[in-house]
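If you read the sequences in order, they're chains A and B. Note that the working numbering has the first sequence beginning at 1, numbered continuously upward. Note that the working numbering has the second sequence beginning at 98, numbered continuously upward.
Accuracy of the hints is not assured; some may be wrong.
Simulated crosslink set (EDC-like; lysine to aspartate or glutamate; CA at most 16 Å straight-line) [unchecked claim]: (1) B:K558 x B:E410; (2) B:K569 x B:E404; (3) A:K23 x B:E477; (4) B:K366 x B:D479; (5) B:K127 x A:D83; (6) B:K437 x B:E467; (7) B:K125 x A:D83; (8) B:K182 x A:D83; (9) B:K505 x B:D543; (10) B:K125 x A:E19; (11) B:K559 x B:E434; (12) B:K181 x A:D83; (13) B:K569 x B:E467; (14) B:K476 x B:D507; (15) B:K121 x A:E19; (16) B:K569 x B:E410; (17) B:K182 x B:D479; (18) B:K181 x B:E467; (19) B:K559 x B:E522; (20) B:K437 x B:D556; (21) B:K414 x B:E522.
Don't read these hints as lab results, they were simulated from the structure. Note that the structure is predicted; figures quoted are calculated from it, not measured.
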Amino acid sequence: MSFISLLWVLLLGSLLGLELIGKVPPTLHTPLMSGANAISGITMLAALTLIVKAEGNVPLLIIGSVSLGFALFNVVGGFFVTDRMLAMFSRKPSNKK
Amino acid sequence: MNLPVIIKFVIDLLAVLLLALGIKGLSKVKSARDANRLAAFAMSLSVVGLLSYYLGTSGIAIQSWIWIIIGSIIGSLFGAILAKKVPMTSMPETVALFNGCGGMSSLLVALGVAIFPISGGQENFDFFKSLINEVSISVSIFVGAITFTGSIVAMAKLQGWLSTPGWTQSKVRHFVNIVFAVASLIAFFDLINGNTSSIWLLVIVSSLLGIGVTLPIGGADMPVVISLLNSYSGIAAAAAGFVVDSQLLIVAGAMVGAAGLILTQVMCKGMNRSLVSVLFGGSLSAQSTASSGSGEYTNITSCSVEECALTLEAANKVIIVPGYGLAVAQAQHTLREVTKKLEQNGIEVVYAIHPVAGRMPGHMNVLLAEADVPYEQLKEMDVVNPDFPATDVVLVLGANDVVNPQAKNDSSSPLYGMPVLDVQEARTVFVIKRGMSAGYSGIKNDLFDLPNTSMVFGDAKKILNDLIGELKDLGVGEK
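So here's chain B without its partners, still in its complex pose (with noise of 0.2 Å):
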């Protein structure tokens, strides 16, 4: 072993370790910004490596610094920018939108490898040679390419720019996906045998294949298939470790995917789904609307911003229960001005924090954080829950099926089992929505139709913003 060798291997195992420490540490509050600049630091660490190595032996073209910086650069700066200027609210797309390049990255190296064998280097670096090589590219490819196309189909459905198409939730879907499964395997025999022009019919089949699974899945499951995908770019990864022959690259990407498997998991569990139903029972709207229709409200009963701030004055204790609704309307900050007004009337107040609130786990407690709302306010929903019947006001803003206590009661409901806020045992709970329409599941919400429940129809923003002039007039919040 010559000293190159050497000291890549050391900084290899180094920057493993760091990685595995990085994702540990993301999994605890405390540790988790330290652990995230660790886990950058491990992945430049790895990229020194490998420069210093490739100095170090083969030396490297001038021509391949040129391009290498030329990439760097552009991905990089396009990468920061987007980092930076992308809201809150959209974080769910933007995973998923970085999740798809790095799938695309992993597809591509698979697919420069296989167009052009390259031949004559030090180390004999003719990828064809042998069936271990093709196989590595294939998976590389297919998974790569699901990844991609799959992502991108989440980000644009979270987006808003795809709608679900009405034919993906019959069963012709099935028939469909089938046969785009079945044609990436005949591509990836037909590979195997040597026809390498069948790769083209892999990057097609799979990209097709990516779309046809991610197309029928509804809004609400979308974290889950973000997460599942996210998993998927780290045996891309691994895939692509393979090809180019690198441990650092297999152990990484094994890493993120086997980790990524267990994070869907844990989502999954917290919206009581099941990976199963996720991935191939269609949108929950579809069901439900075949399944129970009883859908209609028959007793709603809808109040004024006023009300709503005199009963909240009298309050005692208050939860906020935010949801999507309030991501939507951006107005956790005017959310923040009202709590703060009811906080300086010595009102209690909390917030009740559902796992799967807004369209990602933890996507409120970014919000709420945002608009500098107290870490220790922000109540887990066991935490909370045995507090509703000694609660007064309850604001739900902008959320729905969370609050469903068809979840509870009605065994036929399809929300039945998830876990819910029990918000209907406190005193009073106001609604602030802008219509009658159902959540994500498209399922009634009897919340809805309970006594000691009423309605303020409007936009979240508009409507706090109201509330905190009612509270002005009611001398709330001035000493």
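Only chain A is shown next, with the shape it has when bound in the complex (with noise of 0.2 Å):
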């Protein structure tokens, strides 16, 4: 990929994060903000890529090994976190008189 359309694809990229939330009732501010920041653990490709391509370079595969950790920390706490607390909205009403 040339540098100039990976400036395209950030670009759009940012319109599409930018249009993506309007109205966001106060109740999902915390999950929405949870969530997203489950996604922002996307960096786990990049380590990915790190240690497929570090060839045997033992310090490299370590640095990538920790950097996946601390992704993947990232992400499946994120999302279970956002999972937790939407959960509690879902729940059924209960006791209604």
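Could you use the hints to bring the two separately framed chains together as a complex?
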């Protein structure tokens, strides 16, 4: 990929992000933040690339692995915690008068 | 184009689409949970896409597999355990911690590529070849480091491990941060000039900058800061995308970065603060003690739990105003028992949720939902405000600044202009509170001085338990 086309990708991605969120009920601010946060753990792909391309360079393998660990901590933890929060909203209302 | 390339292209495209739909869906109550799972699915799909691409082209060495598995298992395991165990009250800290780790990951990738320029691969993976790579590595390190240290400081402050040091409230902090920023810039240009060793300088000063910027910010503004740092971690991911030449990373990172900015903006609006004043204004309490010193209460009425119970029994309509104090006391279940009793007696109970009640928007909704409070009983500020004049009793539980009438009446108050709940319009207001200490903002609450306000001093959970006992004695809620 040429640098210019990557810049285009960056630009379009940013515009998409700006458009995606319009009105958000305050209730969802925390889950939305936490869900978006989990997505930012997409750097796990970069860490994976690093490990695959390391070709036996042990320090690089270790850095890649630690990086992957941090990213997955973010991704897995982020999605679980968001799900936990959202599960509480979808619970059926009980004790209605 | 050969097959692996096409497959990866299709998978990446699908993943981007699903991630976008996921973020979109997360902003609506109905679709939020499915959207979150959709996003999680898209993420795993992207991993499958990447791995299958390498399997189909260069292959993946056994050694690589080992390190991939080690890293994945440890990271996922810790993430899952923390996510399951952490109490709902410390959600903001948890999000901050996760976020910081995402930033750390981007930083490490860039660092790894910078220290060990891998060469000899089929695609000639020499990263330091061009200026663009150097710039993207620097940006990734810079933003990643700020995200990491900033998030950790935010977490530590919310947990109460760190307080706001006095010097950070003086002008000195701007000077210190400018020094860090300039030093980062120098390291950045030095790096581009080919001096690889200055990468460590960049790591250190940008880490310090992250600390220096976050440390002066007061507790009330923390949610906004976490949201902003969340946006940064997206930017860091996009920068890492440039480093390893991945479109998917760039798109997803840019999306999170932009969406995070919008969310930050939305949150700022809810608190009537501008982003600039959050970032550079320092802690609100520091300003207010200097500007409006009228901090003495003159007309405090305190009352017993028994009186409170008697008034509640006679009421027709009760509005509960929960705040951070409720979360701290973990009293949401006890509160639910109290309101159940009232409802059984035919009293209408509604919860008034201020947009920034608690430490994070939506905090109270999560907490009350945990205690099985029906969703329809939670009313947003604009909906509930006209109801206060027709309300017999308002129970303020650990909320403070969000019910301060100063925000409406006193133009000299630092709170002036912040939307608040008009609880003083109700016939009687009970404020359950530990003591007379001020809220986050450190500002005197005029509500406490009003004749229709009574203070019930003590821990929220204990008082609510006593209240249950008193209501029982009165025969409330028994059929």
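Here is how each hint holds up against the structure:
no.	hint	result
1	B:K558 x B:E410	violated (19 Å)
2	B:K569 x B:E404	holds (14 Å)
3	A:K23 x B:E477	holds (15 Å)
4	B:K366 x B:D479	holds (14 Å)
5	B:K127 x A:D83	holds (13 Å)
6	B:K437 x B:E467	holds (15 Å)
7	B:K125 x A:D83	holds (14 Å)
8	B:K182 x A:D83	holds (13 Å)
9	B:K505 x B:D543	holds (11 Å)
10	B:K125 x A:E19	holds (15 Å)
11	B:K559 x B:E434	holds (13 Å)
12	B:K181 x A:D83	holds (10 Å)
13	B:K569 x B:E467	violated (24 Å)
14	B:K476 x B:D507	violated (26 Å)
15	B:K121 x A:E19	holds (9 Å)
16	B:K569 x B:E410	holds (11 Å)
17	B:K182 x B:D479	violated (35 Å)
18	B:K181 x B:E467	holds (14 Å)
19	B:K559 x B:E522	violated (27 Å)
20	B:K437 x B:D556	violated (20 Å)
21	B:K414 x B:E522	holds (13 Å)
Going down the numbered hints, you'll see the structure goes against 1, 13, 14, 17, 19, 20, while the others check out.
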